[in-house]
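Just so you know, the sequences run in chain order A and B.
Sequential numbering of the first sequence, starting at 1, is according to the numbering used here.
Sequential numbering of the second sequence, starting at 1001, is according to the numbering used here.
Just so you know, the hints here were simulated from the structure itself, not pulled from any lab data.
Values in this document were obtained by computation on a predicted structure and should not be read as measured data.
Note that the Cβ used here is the ideal one computed from N, Cα and C, for glycine as well.
Please note that a few of the clues may not be correct.
[Claimed, not checked] Per label pair, the in silico range of CB-to-CB distance: (1) B:K1088 / A:S143: 49 to 55 Å; (2) B:L1274 / A:T81: 49 to 55 Å; (3) B:L1274 / A:S185: 50 to 56 Å; (4) B:N1018 / A:A166: 37 to 43 Å.
[Said to hold, decoys possible] Non-contacting residues of chain A with respect to chain B, defined by C-beta distances greater than 12 Å in every case (computed): (5) M10; (6) I14; (7) I16; (8) G17; (9) T55; (10) Q57; (11) L120; (12) V135; (13) E167; (14) D172; (15) R212; (16) S216.
[As the list claims (entries may be wrong)] What the simulated footprint calls covered on chain B by chain A, stretch by stretch (three residues with Cβ under 8 Å from a Cβ of chain A suffice, anywhere in the stretch; the number is not a length): (17) 1027-1035; (18) 1107-1114; (19) 1149-1158; (20) 1207-1217.
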Amino acid sequence: MSERSSIFDMIGPIMIGPSSSHTAGVVRIGRFAHKLLGKVPDKAVITFYNSFASTYQGHGSDLAIIGGLLGMKPDDIRIKTAPVIAKKAKLIFEYKTVNNAGDKHPNTIKLQLTSDQKTLEIVAESLGGGVIKIVEIDGFECSLSAQTFTLIIKAEDIKGSIAFIAEVIAHDDCNIATMGVSRKSKKGEGCHFIEMDSAINPITLMYLQNLRWISSVIYLSDMDL
Amino acid sequence: MALLFDSFQAWKIHCESNNIALYVPVLEYEIALKGRTEAEIWKGMETAYTVMKEAIHTGLTQDMTSRSGMVKNTGKKVHQTTKVVLSKEFQTLIATTIAAKEVNSCMGRIVAAPTAGASGILPGILANLQNIHQLSDQKILEGLLVAAGIGLIIQHKASISGSIGGCQAETGSAAAMGSGAIVYCLGGNITQVFNAVAITIQCTLGLVCDPVAGLVEVPCIVRNASAVAIAFSSAQIAIADGDPVIPVDECVVAMGEIGENMESKYKETALGGLAATPTAQEISQKVHHKN
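Start from the sequences, fold in the hints, and give me the full structure.
The following block contains the structure:
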């Protein structure tokens, strides 16, 4: 059984209309990408799949995703004019649509972002009520709610890495809510996705970052703050 | 152990045996399950009520025309007309509800309560209830918590999503939450509050979700208006000890059963009902062509 709803799911979320899956969830997907980059991207190619492909304009998802990429929250009244603000922020964007992608959730978005010559690709689903699931980052499969403290660690695929990382986090008195590891091949690079119930100390992050077999550590604190 | 909002019966027994008001277990639930403080919860409810009132104001003062062109300032028209069909209060009730819902359709800021498609209903109900009866803000916030508890049970036993249960799950749930809040705020007892919920559900059972061109506009906006009328009529019946006969928990189960058996073309897919009419098809073509 899934976790019970909050009373703020009944009286809330506070959001820009018209539809939680088409606006609130989509803003959060864009905002997740913004947080991962730490800034507004230079270029964004946005692909709407399946149901989203035919409904994204009527419901304003085209404006919502840009608002999110600019770092706006789901209740930001500037979302309606996000493309104008994007122009000022020098964000170049284009929309694509793909219908009948049978392997994807009806409300799926893919973001292909460029920032300072670096690229970032995210695939995410909008599940309703503003709830989202990030299902792929740079080709690594994951299942992130973006609702809690999240660690994304890219590391060599070596024995004991999962236990080691979990131990380091436990020593920081952080409880792991969910953890997943994805890799593209044996002995290749692996990506650890960890959702925690509380914030992690900067010194713990620095320690992880300095390990020879870890190539990158991205930490996202509570995204809705 | 906090009450989990599995049934109205358990909520009633919990309140009566502990001699506490209906909103108290809702507070305790959020504190126990979500780790929020009581102060955070009151602040959150206050913010939500403020945004609801702002939405009404926005809808009555700014241009409410949607991208599709189907939303055309109906809230303002209802508010300004000199032709009063029932009473000034009723006119304002309908105007403010439509105004808040039009803000949602026009990409303004709203509170999804419980969903964005039903976001005109609680604002319309609570703002007018407060004005007419000169209720304190505190009383309204308690009413919001009661409404949240009602929503939790409906979500658990049936659904609050149009794609799962049709419009009965969205505007029906919001109206049920609102009618319970009305009776609570006016000092009704627990039986009367839950009877209001039962009666509202009886009035909205079976309502399909058939949005024209798939947009949250037609008939969503007028259904928000009819939902507040149903909520007040249910509250009037219940507070006078009118008997719904079928207990509220059984009404919720009926709602879930109807939702499960409803064909998918009546569940937000825009394939049936009003959405399938020739005029709707024409509008849908235009909306997609324009884009």
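Honestly, which of those hints from before does the structure not fit? Violated: hints 2, 5, 6, 7, 8, 9, 10.
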